[in-house]
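Chains as they are written, first to last, in the numbering used here: chain A, 1 to 80; chain B, 101 to 180.
Simulated from the structure, these hints should not be mistaken for lab results.
Be careful, since some hints might not be right.
Claimed, not checked - Partial list, derived from the structure: chain B residues whose beta carbon lies under 10 Å from chain A: (1) V107; (2) Y108; (3) G118; (4) H122; (5) A124; (6) F130; (7) V133; (8) E135; (9) G139; (10) V143; (11) L144; (12) E145; (13) M161; (14) L165.
Virtual Cβ for every residue (Gly too), placed ideally from N, Cα, C.
There are 2 protein chains.
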Amino acid sequence: MKAIINVYLKEGVLDPQGKAVHHALGSLGFNNVKEVRIGKQIVLELDETDREKAMKELKEMAETLLANTVIEDYDIEIAE
Amino acid sequence: MKAIINVYLKEGVLDPQGKAVHHALGSLGFNNVKEVRIGKQIVLELDETDREKAMKELKEMAETLLANTVIEDYDIEIAE
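This is chain A alone, in the form it adopts within the complex (with noise of 0.2 Å):
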């Protein structure tokens, strides 16, 4: 079972990277680029075939490692 899990900062925490990619595509011409932001997209390969059991082990994934909670969100995806 393939599934996705994308982490992302919390609205209204600073994205330097985001910022930093976002003035480099400025140079580049790229001038109707209003934000840019960015996160991590996790692809998991699981040994798992029961959806529930698969996502509830994914959250618990999120939650203790994955995702900093306290300044990032997380949404999970089960591919197939």
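Dock chain B against chain A, hints included.
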């Protein structure tokens, strides 16, 4: 217009970050994870209403700055 560009290592390219996360998940007791791959999710807010023009520009941004196309692939989603 909101767009998302996912940038991720090509198949076969070693992902040390993914390996480290895989190892850490194992030591936390998540034993049914077969593989972990980590990519970047870049969320852009564009001052553009024409989808085709936006897609063309996003492709250019990915090719020129956001992805290292030697080792990375990318996909583009226009959210709204």
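Against the structure, the hints:
1. V107: holds (8 Å)
2. Y108: holds (7 Å)
3. G118: Holds, about 8 Å.
4. H122: holds (9 Å)
5. A124: holds (6 Å)
6. F130: Since the shortest Cβ distance to chain A is 6 Å, the answer is holds.
7. V133: holds (6 Å)
8. E135: holds (4 Å)
9. G139: holds (4 Å)
10. V143: At about 4 Å, which falls below the 10 Å cut-off, the nearest Cβ of chain A leaves the hint on V143(B) intact, so it holds.
11. L144: holds (5 Å)
12. E145: OK, holds: E145(B) within 10 Å of chain A, min 4 Å.
13. M161: holds (6 Å)
14. L165: holds (6 Å)
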